[in-house]
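Starting from the known structure of chain A, arrange chain B on it as the hints suggest.
If you read the protein sequences in the order shown, they are chains A and B.
Start counting the first sequence at 1; every next residue gets the next number (the working numbering).
Start counting the second sequence at 1; every next residue gets the next number (the working numbering).
No lab work stands behind these hints: they were computed from the structure.
Just so you know, not all the hints are guaranteed correct.
Taking lysine to any residue pairs in the SDA-like style, the calculated list, with each CA pair at most 20 Å apart, reads [said to hold, decoys possible]:
id, chain 1, residue 1, chain 2, residue 2
1, B, K35, A, S142
2, B, K5, B, L41
3, B, K35, B, G13
4, B, K35, A, I63
5, B, K5, A, D151
6, B, K5, A, L185
7, B, K5, B, Y25
8, B, K35, A, L185
9, B, K35, A, G144
10, A, K41, A, P100
11, B, K35, A, D56
12, B, K5, A, C130
13, B, K5, A, E145
14, B, K35, B, R59
Now the in silico label distances, taken between C-beta atoms and shown as ranges [as the list claims (entries may be wrong)]:
id, chain 1, residue 1, chain 2, residue 2, range
15, A, D37, B, E72, 50 to 58 Å
16, B, G30, A, S172, 33 to 41 Å
17, A, E152, B, D18, 21 to 29 Å
18, A, F111, B, L23, 39 to 47 Å
19, B, K5, A, G80, 42 to 50 Å
Glycine included, every Cβ here is placed at the ideal spot set by N, Cα and C.
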Amino acid sequence: MSLRFGIAVFPGTWSDRDCAHAVELTGAEAVSLWHADADVKGCDVVVLPGGFAYGDYLRTGAIARFAPLMEAVREHARQGGLVLGICNGFQILCEAGMLPGALLRNASLQFRCQPCGLRVETTSSPFLGCAQRGQVLRIPVSHGEGRFYADEETMARLNGEGRVAFRYSDESGQLTSAANPNGSLENVAGILNEAGNVLGMMPHPERACEELLGSDQGLLLFRPVIGQLARPAG
Amino acid sequence: MVSLKEVVNDPQGLVVQDALHSLGYPEVEGARVGKFIRLELVGADQEEAQARVEEMCRRLLCNGVIEEYRFELTSDPKA
Numbered sequence: 001m002s003l004r005f006g007i008a009v010f011p012g013t014w015s016d017r018d019c020a021h022a023v024e025l026t027g028a029e030a031v032s033l034w035h036a037d038a039d040v041k042g043c044d045v046v047v048l049p050g051g052f053a054y055g056d057y058l059r060t061g062a063i064a065r066f067a068p069l070m071e072a073v074r075e076h077a078r079q080g081g082l083v084l085g086i087c088n089g090f091q092i093l094c095e096a097g098m099l100p101g102a103l104l105r106n107a108s109l110q111f112r113c114q115p116c117g118l119r120v121e122t123t124s125s126p127f128l129g130c131a132q133r134g135q136v137l138r139i140p141v142s143h144g145e146g147r148f149y150a151d152e153e154t155m156a157r158l159n160g161e162g163r164v165a166f167r168y169s170d171e172s173g174q175l176t177s178a179a180n181p182n183g184s185l186e187n188v189a190g191i192l193n194e195a196g197n198v199l200g201m202m203p204h205p206e207r208a209c210e211e212l213l214g215s216d217q218g219l220l221l222f223r224p225v226i227g228q229l230a231r232p233a234g
Numbered sequence: 001m002v003s004l005k006e007v008v009n010d011p012q013g014l015v016v017q018d019a020l021h022s023l024g025y026p027e028v029e030g031a032r033v034g035k036f037i038r039l040e041l042v043g044a045d046q047e048e049a050q051a052r053v054e055e056m057c058r059r060l061l062c063n064g065v066i067e068e069y070r071f072e073l074t075s076d077p078k079a
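Same shape as in the complex, but just chain A (with noise of 0.2 Å):
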């Protein structure tokens, strides 16, 4: 049985399409869910797509996260359902708690559309279940608020216990300053929950999903190997 991907829809998001694209190309099934709805419809994993939800008004995600649907991303996240947010997605689950840290303006106040090289730090995630340690990907940032931040103690928790995803790098994997595209703290390009199951990154896996595009890495964001799935029992 092929994968239900739900793709949530708020006002002012705009990468829905193509990350049901991205799926619809690894042979899973994309739904839309909307913004208002209050229920995840039986989706495997919950995609929070890029854009700017709310106007991100505030602050980036500050206003989605009280969306009704944010509800039910929580308890699917809870039950063990993976939960990708891309982006705009990231800030939604960092502003809902459910990610540590934040994301901030970019040092360079600029908004910063490029590809990065993303280094695989982890491969203990249904998502990275196809990805190898170490590995560089090539897959583009959109962004003008990814400079990753959190505090010293939460840093180095997520150091710690592994739950730094990516960092962004050069080709042969080094961590410089030229490769990080926003400022972010230790290179940080995406991270994970404690369970695994939630994922956030800045960079824009559904850009990167055919050779056309410049790279079809990001593919693999798309093709979580459910057999890691984490549910509890019952």
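For chain B alone, kept in the frame of chain A given last:
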């Protein structure tokens, strides 16, 4: 007032500081850019308003991971 915590890098503030320096204000040793939010409340007494605004700051207006807030209450002289 909502502003970034002191430990959080504020690139906007740095740009403002640089701009003031180049305009001939070398005495500026630091600049932080924050947000000013004005709320109009009706019907609440001072103590209750204090508690509710505190709650609004924590739940929505301020992200405690990166920001801090302070506020003051004044009554509308026309009321």
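Check whether the Cα positions of K35 (chain B) and R59 (chain B) lie no farther apart than 20 Å. Measuring from Cα to Cα gives roughly 16 Å; hence the hint holds.
Taking only the CA atoms, is the gap from K5 (chain B) to D151 (chain A) under or equal to 20 Å? With Cα atoms ~11 Å apart, K5 (chain B) and D151 (chain A) stay inside 20 Å; holds.
K5 (chain B) and E145 (chain A): Cα distance at most 20 Å? With a Cα-Cα distance of about 17 Å, the restraint between K5 (chain B) and E145 (chain A) holds, given a limit of 20 Å.
Could you grab the alpha-carbon distance between K5 (chain B) and C130 (chain A) and see if it respects the 20 Å cut-off? violated, 39 Å
Quick check on a hinted range of 42 to 50 Å for K5 (chain B) and G80 (chain A), using CB atoms only. Since K5 (chain B) and G80 (chain A) have Cβ atoms about 34 Å apart, the given range 42 to 50 Å is violated.
Hinted pair, alpha-carbon criterion (20 Å max): K35 (chain B), S142 (chain A). Please report holds or violated. violated, 25 Å
A range of 39 to 47 Å was offered for this pair. Does it hold for the Cβ distance of F111 (chain A) and L23 (chain B)? About 27 Å separates the Cβ atoms of F111 (chain A) and L23 (chain B), which means 39 to 47 Å is violated.
Is the hinted pair K35 (chain B) and D56 (chain A) satisfied, with a Cα-Cα distance of at most 20 Å? holds, 15 Å
Run the distance test for K35 (chain B) versus L185 (chain A): straight-line Cα separation, threshold 20 Å. Violated: K35 (chain B) and L185 (chain A) sit about 24 Å apart, past 20 Å.
Hint consistency between K41 (chain A) and P100 (chain A) [alpha-carbon to alpha-carbon, up to 20 Å]: violated, 27 Å
Next pair to validate is K35 (chain B) with G13 (chain B); report whether the Cα-Cα distance is within 20 Å. holds, 12 Å
Could you grab the alpha-carbon distance between K5 (chain B) and Y25 (chain B) and see if it respects the 20 Å cut-off? violated, 24 Å
The earlier numbered hints that this structure contradicts are 1, 2, 7, 8, 10, 12, 15, 18, 19.
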